[in-house]
Structure formats: C-alpha cells, structure tokens
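Enquirer: Each chain is listed here by its residues.
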Amino acid sequence: MKKNFLGNIRLYLASAWYSYRALYAWQSFGPYISVKIAFPLAQMLLFIFMGRLAGLADPLYIVIGNILLLPSTNGVMGVSITINGERDFRTLPYLIASPAPRAPLFLGRSLVHIIDGLLSTSWHSSWA
Amino acid sequence: MSRSSGKARHNPLPFIGKQISIQIQMRALSVFSFGLLIFQPAVFSTVGYMLARMAGKPAPDLIYVIIGGGIMGMWSSMVFTSFFDINNDRRHGTLELIVGSPTSLTTVLAVRTFANILTGMVSMLLSFVVVIFLFKFTIPLRNHPYIIVSLLVLFFGFWSIGVFLAHFRVASRVTGQFINYLELPVAILAAFMFPFEYLPRWITWLSNSIPLRWGVTGLNASFQQELILSNLWQDWATSIGVSFIYLLVTYFLSKKVHDMIRVTGELSSV
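So the sequences go chain by chain: X and P.
So in the numbering used here, spot 40 of the first sequence is number 626, and the numbers just go up one at a time.
So in the numbering used here, spot 241 of the second sequence is number 246, and the numbers just go up one at a time.
Please note: incorrect hints may appear among the correct ones.
[Unchecked claim] Going by beta-carbon spacing under 8 Å, a handful of chain X positions derived as facing chain P:
| hint | residue |
| --- | --- |
| 1 | 588 |
| 2 | 624 |
| 3 | 625 |
| 4 | 628 |
| 5 | 629 |
| 6 | 632 |
| 7 | 635 |
| 8 | 636 |
| 9 | 639 |
| 10 | 641 |
| 11 | 642 |
| 12 | 645 |
| 13 | 646 |
[As the list claims (entries may be wrong)] Derived CB-CB ranges, DEER-like:
| hint | chain 1 | residue 1 | chain 2 | residue 2 | range |
| --- | --- | --- | --- | --- | --- |
| 14 | X | 705 | P | 55 | 21 to 31 Å |
| 15 | P | 265 | X | 643 | 51 to 61 Å |
| 16 | X | 594 | P | 265 | 26 to 36 Å |
| 17 | P | 232 | X | 650 | 20 to 30 Å |
| 18 | X | 650 | P | 99 | 16 to 26 Å |
| 19 | P | 211 | X | 683 | 35 to 45 Å |
| 20 | X | 681 | P | 143 | 54 to 64 Å |
| 21 | X | 650 | P | 36 | 47 to 57 Å |
| 22 | P | 30 | X | 683 | 32 to 42 Å |
| 23 | X | 678 | P | 20 | 29 to 39 Å |
[To be verified] Short derived list, chain X residues pointing at chain P, Cβ under 7 Å:
| hint | residue |
| --- | --- |
| 24 | 620 |
| 25 | 622 |
| 26 | 623 |
| 27 | 637 |
| 28 | 640 |
No lab work stands behind these hints: they were computed from the structure.
Using N, Cα and C, we set each Cβ at its ideal position, and we do this for glycine too.
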C-alpha cells in the first residue's frame with residue numbers, strides 16, 4: 587500500500603518534470619525566455635501603446651490586467667500544448683494503454699504549469 | 006517533355022494553382038487558422054474599443070484599432086503558417102522531398118507564402134467590412150487608388166518577410182523555438198495598432214528595417230483627408246526597397262540550404 591502510494595507520487599513528479607521540460611524544448615534556454623518573458627512583455631507593451639492611443643494616461647490597469655492573464659495562459663496553454671504534443675508525437679495511445687495510473691500521469695502534467703504560472707506572475711509583478 | 010523538339014517545357018501555372026488551392030484548403034479546414042485570422046484580431050480590436058470607452062471616447066480610432074487589427078491578423082497568420090508549414094514538412098519527412106524535387110525550394114515557399122497571404126486577407130477584408138458597415142466610416146473617393154496601392158505595397162512587404170522567414174526556418178532548425186520573439190514584437194515595431202511616433206526613438210532603427218513599418222505608415226497616410234503625396238511615395242518606395250533586401254537575403258539562404266545538402270551529402274541535413 588505504502589509502496590504503491592510512493593510509486594504514484596514518484597510517477598506524478600517525474601511526469602510533471604519531464605512534460606514541462608519537453609514543452610519548452612529545454613535543450614536551450616531561449617524558448618523558455620521567449621514564452622515567459624518576451625511574449626508577455628510584448629503583449630503588455632502593445633496594450634499600453636493602444637491605451638495611449640485611446641487617451642488613457644495611467645497604464646496601471648493594463649499592466650495589472652496583463653499580469654493576471656499570465657497564470658491562466660500558463661495553465662490553459664501549457665497543459666493543452668503538452669497533451670497535444672503527446673498526440674502529435676503519437677505517444678498518447680501508449681500513455682493511455684500503459685499500466686501506470688492515469689490520475690498522477692495527467693495531474694502531473696498540470697502541476698508544474700500552475701507553480702510556473704504563479705512564479706511568472708510574481709516575477710512580472712516585481713518587474714512592473 | 007516535347008517529343009518533337011526534345012526540349013523540356015516548364016509551365017509553372019498548374020503547380021502554382023495546385024499549391025495555392027491546397028494551402029487555402031488546409032487553412033480553411035483549420036480551427037487554429039480561424040483563431041489567428043478572425044478570433045485573435047477581433048480580441049485585439051475589442052480591447053482597443055474597450056480602452057477607448059474607458060478613456061471616455063464613443064468610438065476608437067478606426068484605422069489603428071480595427072484596420073490595424075486586420076493587419077495584425079494577417080501578420081499572425083503568416084508568421085505562424087510560414088513556420089509551422091516547414092515544421093510539419095520536417096516532421097512528416099516531406100521537406101527533403103521538396104528540397105530534392107526539380108521545382109526549386111524558393112518557388113515552393115514563395116507560392117506557399119503568397120497563398121498564406123491570400124488567406125490572411127480574410128482578416129483584412131473583415132476589418133474593412135466592420136469599419137465601413139458597422140462604424141459607417143466613409144473613405145473619400147479620391148483616396149481609393151492610394152489605399153489600393155498602399156495595400157499592394159503592404160502585401161509585397163508581407164510576402165517578402167514570409168518567404169524570408171520560411172527559408173530561415175529551413176536553414177536553421179532552432180529558429181522555430183523563437184517564434185514568440187517575432188509575432189508581437191514585430192507588431193509593436195511596425196506599429197500596426199498605434200501611431201509609429203509612440204515608439205521610443207532609440208528603437209526606430211530596428212523598426213525601419215522592417216518593410217511592414219513603412220507599408221503600415223503608407224496605408225495609414227492614404228486614409229487621411231489631406232494626403233501628403235511626397236511622404237506617401239517615400240513610404241511606398243522605402244517599403245519596396247527594404248522588401249527587396251529581404252528577398253536578396255532569402256536568395257543567399259536558399260543557396261545555403263543547397264550547399265548544406267551538398268556538403269553533407271544527405272537530404273535529411275535540412
């Protein structure tokens with residue numbers, strides 16, 4: 587029972603870590619920076635310039651709105667791209683057919699993105 | 006092959022027609038393309054509209070917010086399809102066949118990019134429909150020819166960048182991972198949805214190296230009631246000139262791809 591439980595935890599953490607690393611093709615650090623820093627900053631800047639065109643003097647509302655968008659982008663996009671990647675590389679059927687329990691496998695794929703989303707939010711908040 | 010003369014006769018039109026048809030069918034059947042062409046620009050334009058309402062204006066600046074949204078849709082669609090088409094070719098093993106086929110890689114990518122821009126025009130047309138029919142925006146009749154020329158110049162800029170990016174993706178495998186450095190940063194640098202003057206002066210040199218920046222400035226200028234033709238001509242000429250520089254670089258990239266194959270002796274080196 588205890589061994590089974592620890593096995594599931596190990597599976598959960600391992601699948602979380604590997605799916606997260608695979609998502610950003612972590613052979614290099616560049617893609618991670620582009621998704622986590624370049625894209626959100628560019629989006630924020632675009633909306634700030636649009637706000638200026640509209641006549642908004644204070645961009646605080648835009649900045650906060652964009653920061654709040656980050657965890658949802660992480661959660662929704664990260665997890666869906668991870669699962670989509672399994673389908674693209676045809677590993678999804680093997681994953682489903684494997685004897686490993688599905689709950690830790692698939693929950694593990696979401697855990698790191700939630701933590702990462704929170705980290706991104708705090709990083710961007712401090713930057714803003 | 007003609008039996009009588011023994012000379013090869015190459016008519017590119019069937020290839021061009023078929024390639025455009027396939028590309029458009031692929032885009033038409035893709036939910037991702039729908040998101041890029043319609044949903045995302047609509048979201049950007051809606052945000053612009055909301056911001057204008059927040060600032061107490063009854064309507065947004067239609068040219069920048071709505072037409073700019075259409076340009077944004079074209080750009081997003083083109084940049085993603087230019088990259089993902091090559092990605093898919095590489096993944097499915099068809100890239101080697103394309104590079105090794107008698108039709109040159111540049112011809113294939115140029116026609117593909119043209120088809121992607123045709124598809125991207127959906128976004129632009131929709132933005133015009135919204136501006137004219139929903140917001141009752143009237144364009145003075147004398148501006149029409151200038152707007153059409155500006156659009157053609159802008160499309161040429163899109164095409165040159167699209168062909169360049171596609172070649173860049175073939176020449177370098179790692180570039181696909183940096184797509185997020187391109188979509189919104191270029192939209193900001195080319196000032197699709199706000200006046201170019203808002204950009205800090207220190208970054209303008211980078212903006213000026215993008216043909217879309219000149220194309221968009223020309224398009225915005227051609228909507229104005231009081232046209233300054235000298236400025237308009239300058240924008241068009243610069244946009245076309247910068248586009249040709251991208252095409253020149255594309256030519257060298259194409260040569261690099263073929264050299265790579267010759268040196269390694271393997272089609273799979275691309």
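Enquirer: Please go over all the hints and tell whether each is borne out by the structure.
Expert: Quick rundown of the hints versus the structure:
{"no.": "1", "hint": "588", "verdict": "violated (42 Å)"}
{"no.": "2", "hint": "624", "verdict": "holds (5 Å)"}
{"no.": "3", "hint": "625", "verdict": "holds (4 Å)"}
{"no.": "4", "hint": "628", "verdict": "holds (4 Å)"}
{"no.": "5", "hint": "629", "verdict": "holds (6 Å)"}
{"no.": "6", "hint": "632", "verdict": "holds (5 Å)"}
{"no.": "7", "hint": "635", "verdict": "holds (4 Å)"}
{"no.": "8", "hint": "636", "verdict": "holds (5 Å)"}
{"no.": "9", "hint": "639", "verdict": "holds (5 Å)"}
{"no.": "10", "hint": "641", "verdict": "holds (4 Å)"}
{"no.": "11", "hint": "642", "verdict": "holds (5 Å)"}
{"no.": "12", "hint": "645", "verdict": "violated (10 Å)"}
{"no.": "13", "hint": "646", "verdict": "violated (12 Å)"}
{"no.": "14", "hint": "705/X / 55/P: 21 to 31 Å", "verdict": "holds (29 Å)"}
{"no.": "15", "hint": "265/P / 643/X: 51 to 61 Å", "verdict": "holds (53 Å)"}
{"no.": "16", "hint": "594/X / 265/P: 26 to 36 Å", "verdict": "violated (47 Å)"}
{"no.": "17", "hint": "232/P / 650/X: 20 to 30 Å", "verdict": "violated (41 Å)"}
{"no.": "18", "hint": "650/X / 99/P: 16 to 26 Å", "verdict": "violated (46 Å)"}
{"no.": "19", "hint": "211/P / 683/X: 35 to 45 Å", "verdict": "violated (51 Å)"}
{"no.": "20", "hint": "681/X / 143/P: 54 to 64 Å", "verdict": "holds (58 Å)"}
{"no.": "21", "hint": "650/X / 36/P: 47 to 57 Å", "verdict": "violated (31 Å)"}
{"no.": "22", "hint": "30/P / 683/X: 32 to 42 Å", "verdict": "holds (34 Å)"}
{"no.": "23", "hint": "678/X / 20/P: 29 to 39 Å", "verdict": "holds (36 Å)"}
{"no.": "24", "hint": "620", "verdict": "holds (4 Å)"}
{"no.": "25", "hint": "622", "verdict": "violated (9 Å)"}
{"no.": "26", "hint": "623", "verdict": "violated (9 Å)"}
{"no.": "27", "hint": "637", "verdict": "holds (5 Å)"}
{"no.": "28", "hint": "640", "verdict": "holds (4 Å)"}
Consistency note: the structure conflicts with the earlier hints numbered 1, 12, 13, 16, 17, 18, 19, 21, 25, 26.
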